[in-house]
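Chains as they are written, first to last, in our numbering: chain B, 1 to 338; chain S, 1 to 99.
Keep in mind the hints are simulated off the structure, nothing from the lab.
All values derive from a computational prediction rather than experimental measurement.
Hints may be right or wrong, so weigh each one.
[To be verified] Which residues of chain S face chain B? A partial, calculated answer using Cβ under 8 Å:
id	residue
1	30
2	63
3	67
4	73
5	75
6	86
7	89
8	91
All C-beta atoms, glycine included, are put in the ideal place defined by N, C-alpha and C.
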Amino acid sequence: MVRRLLNRLIGRTDPEVDAVNAFVDGDASADELRLIEEMMRRDPALERDLTTQMALRDVLGRVEKIETTRSFTVTPEMIASAERKDSGIARLTELFAPQRKLALAPVIVAGIAALSVALLTLGDFTGIVEQSGRTESFATTVAADSGAIESGFPEMALVGDDSGAPAVEVAPDTSEAPLTALATAEPGVTSARSAEAEGRENTFALESAIAPPAADVAESGADASPDLSASAAEQSGVETLERSAQVEPSEDEIAAERSISGAADAAAPLDGSEVDAGEDADLTKKSIEFADSDGLAFESTPESDGISLPLWQLQVTLAALALAAIGAWAGLRRVRGG
Amino acid sequence: MDEDIVYFSETIKDDSQDPLADALNAELARLIERCLGGLTDDHRFAIVMIDIEGYQYDEAAESIGVSIGTVKSRLNRARAKMRDCVQQDPELLPASMRL
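Next comes chain S alone, as it looks inside the complex:
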């Protein structure tokens, strides 16, 4: 399980010159981008600001203009939807992320 996670973490950001890795990275990035586009604006803002940009909950809440609880709730739903969306292309996913 750890090997799979390491593998796909490296497919996303990989400094190696392996063309296969680059292709897989690109495919996975497109998948994530497509799944993020399928989220509502509220959910997308929450998961992008916290999981991608690395903001804290209070910072994200103040930026968006909602309560911290609302941000947490939206993030929870966004993560669940992203999980369901990326599992539609299981061949790009590590074994640990497949159903």
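With the rest of the complex left out, here is chain B:
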């Protein structure tokens, strides 16, 4: 029954049907005659049916035909001529006609696509393949978004700052801006406007952070000449300008995320300069303790052993391809009227 269904699907007949037709036509081969004999053994009435069909065929061949003014019979030459004038769609349909070699192509494509979807799904369940595009920043941003917003750690907003508190006092909004941005943003995404505001305030905060050391230098070097203090202030101002020019919204996003996620990364200042091991180590330690005490989930992307693929994208694409191939095959059959 399955074989019959497949034969019917691709437009092929049962061998028994071929044998019966050939027997009635009088053109049966030796194999077909053997098959007919076997069928007659199974069904004794078949012999009488086949004899009647042979006689009916002979009668039909002798039916008087009505003479027409012209022949309405379609000849192969007429078909060939019409095919040359066919539209592109008709030619495309003819390429996939049952007697052509491409007849099964849509079905094969649909089958391969469906099998690929099944294998990808199975691989996903067993862990052989996994979805690509999972990064640490995503994981940590999710962790920050879920648990870190309520915690107050303003001192982590600007790191590498010796004074710490003055930076917060000078720019109280700075501590809230990155938190606000993270609270409102979707994981891994920060709005441009909040980033821009963040950048401006960070610049202001940086200036303030840099200013006290310069002031300290000026104070400690009270015996120094005014020129020295002025030059130090000027240098700090230049540095401020450089740093503000370097700070871009995207870097601030990264810095804000790092400051929330990992103390080690947060310990690195924005300008990439090396940090004093002593004082910043304490800050780092305090950050870690603070983070741990608050129960932040420092999620890290587990090491993946599977093959990383754009899994769901592939599944959707292959499923759409299978559906399109099946639809095209059904449409072609409908156009042909088969």
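Given chain B's structure and the hints, the job is docking chain S onto it.
Here is chain S on its own, set in the frame of chain B:
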């Protein structure tokens, strides 16, 4: 059996002047026409093109626009239906075609 077949073959196409033969031919032709009308379009096209017009299977398949296997399958069913239909008027049929 052979005599019956010869008889009805001649009733279909008969050059003789026998009015009875002509009448029988006409009756049989009407019967065949009625049975052909009772077939579906697909079956009718297959049996007309191959058994009446004398086309080959591949020619008929290309004309109709289906596969050769489809044509053979339709012809097989059409012949079986024609056989069942013409046996409703057995008096017009030769003995070999009656049940």
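### Query
Hey, does the residue 86 of chain S contact hint survive, CB to chain B under 8 Å?
Status holds, d = 7 Å.
### Query
With 8 Å as the cut and Cβ atoms as the points, is residue 73 of chain S at the interface with chain B?
Hint on residue 73 of chain S: holds, closest Cβ of chain B at ~5 Å, below 8 Å.
### Query
Are residue 30 of chain S and chain B close enough, Cβ to Cβ, to be under 8 Å, as the hint says?
Violated, about 11 Å.
### Query
Do the numbers back the hint for residue 75 of chain S, that is, is its least Cβ distance to chain B under 8 Å?
6 Å, holds
### Message
Min Cβ distance, residue 67 of chain S to chain B: is it shorter than 8 Å?
### Response
3 Å, holds
### Task
Answer holds if the nearest beta-carbon of chain B is closer than 8 Å to that of residue 63 of chain S; otherwise answer violated.
Check passed: Cβ of residue 63 of chain S comes within 5 Å of chain B, closer than 8 Å.
### Message
Just to be careful: measuring from the Cβ of residue 89 of chain S to every Cβ in chain B, is the smallest value less than 8 Å?
### Response
13 Å, violated
#### Entry: Satisfaction of the residue 91 of chain S interface hint, Cβ to chain B closer than 8 Å
Hint violated; residue 91 of chain S Cβ to chain B Cβ min 15 Å, cut 8 Å.
Taken one by one, the earlier hints fail for this structure at numbers 1, 7 and 8, listed in ascending order.
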